[in-house]
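*Asks:* Okay, here's what each chain looks like letter by letter:
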Amino acid sequence: MIADWTQGAQRLAYDACAACGAHWSLPRPFCPQCGSDKIERREASGLGTVASATEVTRAPSKELQAYAPYTLLLVDLDEGCRVMAHGEKGLAIGARVKAGFRDFGGAMTPVFGAV
Amino acid sequence: MSRTPYLRGAGLLRFGRHEGKSTLDLMSEAAQAALDDAGLKRGDVDGVVCGYSTTLPHLMLSSVFCEHFGLAPSYAHSLQLGGATGLAMTALAAQLVAGGAAKNVLVVAGENRATGQSRDASVQTLAQVGHPLYEVPLGATIPAYYALVAARYMHDHGISEADLAEFAVLMRAHAATHPGAHLREPIALADVMASKPIASPLKLLDCCPVSDGGAAVVVSCKPGAQTVRIRGAGQAHQHQHVSAIRNFDDLGAAASAARAFSAAGVTRGDIRHAAIYDSFTATLAILLEEIGFAQRGEAGAMARAGHFARFGALPLNLHGGLLSYGHCGVGGAMAHLVETFLQCAQRAGPRQVADPSLAFVHADGGVMSAHVSLVMERVR
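The listed protein sequences correspond, in order, to chains D and H.
Quick note on numbering: the numbering used here labels position 57 of the first sequence as 57, and the sequence is numbered without any gaps.
Quick note on numbering: the numbering used here labels position 72 of the second sequence as 1072, and the sequence is numbered without any gaps.
Since the hints were made in silico from the structure, they are not lab data.
Nothing here was measured: the structure is a model prediction, and the numbers come from that model.
Just so it is clear, CB atoms sit at the ideal spot from N, CA and C, and this is done for glycine as well.
There are no misleading hints in this set.
No farther apart than 30 Å at their CA atoms in a straight line, the calculated lysine-lysine pairs in the DSS-like style are these:
1. H:K1103 to H:K1222
2. D:K62 to H:K1021
3. D:K62 to D:K89
4. H:K1021 to H:K1041
5. H:K1103 to H:K1041
6. H:K1222 to H:K1041
7. H:K1196 to D:K89
8. D:K62 to H:K1196
9. D:K98 to D:K38
Okay, the calculated bits of chain D under chain H, using three or more residues with CB under 8 Å as the criterion:
10. 54 to 67
11. 78 to 85
Using the sequences and the hints, build the whole thing.
*Replies:* Now the structure itself:
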């Protein structure tokens, strides 16, 4: 399985079903659409479109409050699935973006910037 | 033969701060109030349905509560569905009564959510409805998840922050007439707009407070002094995580409501008053529009025009909703339920709507993830 940012790699990944062609981002060992176990974890290009954006002012902890305000995004990856990530400030819905990576609270975190 | 499930009695505590009170204290006070209202003794209760409490995270809350309160029912358990839990408990109780499994089901919730933990602890516990690896570590919170849904909704349907703010003002105006409401100080649109940012577009006054409180109802095979029955219920479960939402215009609310209307044999247009989950101003606007009580993009303008006020076409959350009555967890949506019961029973005093005959109650749990709808009827 391809390591992604949740394992510390500078990479976004997604699952693809060899049986029905479905793509999704939250990993699982079977296809939630058709039930097939012929699943391939693939590296994503990192290119996508902003589906939604919020600037978070109130962080969940003192540690993360030091980073506030930070922008959270939902991004529709070009590969046809959606991910949550950080983004540059001011990105609008519909903006074309590409993923980079940075530290956030001691963990590798994807951060999208305008293409 | 199926029996008709009635709401026989209800108890609703003041929401706000109950210093020194535990989850079990608040559940017990609400339960006693509901039993008193229903004219029942402990021994009459043969079914108990509980939810959960973030300050008392126990595997068997219903058993703990029954032992503590002094009940020995033939049926009891807890269930968890986030903010929709209280309505799911009530819908289940109605099914238990209809199916003959129990005669008097106590549906009870209470939590010292405000005084029983730090604000950060509360924020972090609630944030766990997000994905533990792919969402929570990004510093997401419940307001942030809802903000992502709200921002998209505003973008797609041409909504302004002022449109959303109308609901904060309206809920506060309603709460001013209820002595039990957590927040009763009147606010104006400008106050909402000037309140501090939390997660854009949501500001502090777009968000419900964290409260202590409790609520309980008795669902019974026999009515109380006024005949209020649960006429139909529906649910929908289409996603859990914000990242997994497929269609922002189809979050499950419409499907849940349609199932409840169908089960009740009524249409949306028959509904005379409503109580709808309002964890954030945007939550309420989105639910109203998806269910169809407002055209897309119109909910805020309708609120501004008085449509959802006490004497409007569809009186809404007359107790002040989560935004101003307050939110103590499972008891939060149950306050909507209790208010609707009191309205149907024509016991709402200065908040009483003109036509209490048919009501709709709706809640969502997670981030528009789990939906539960009820249709309640005053039978004459």
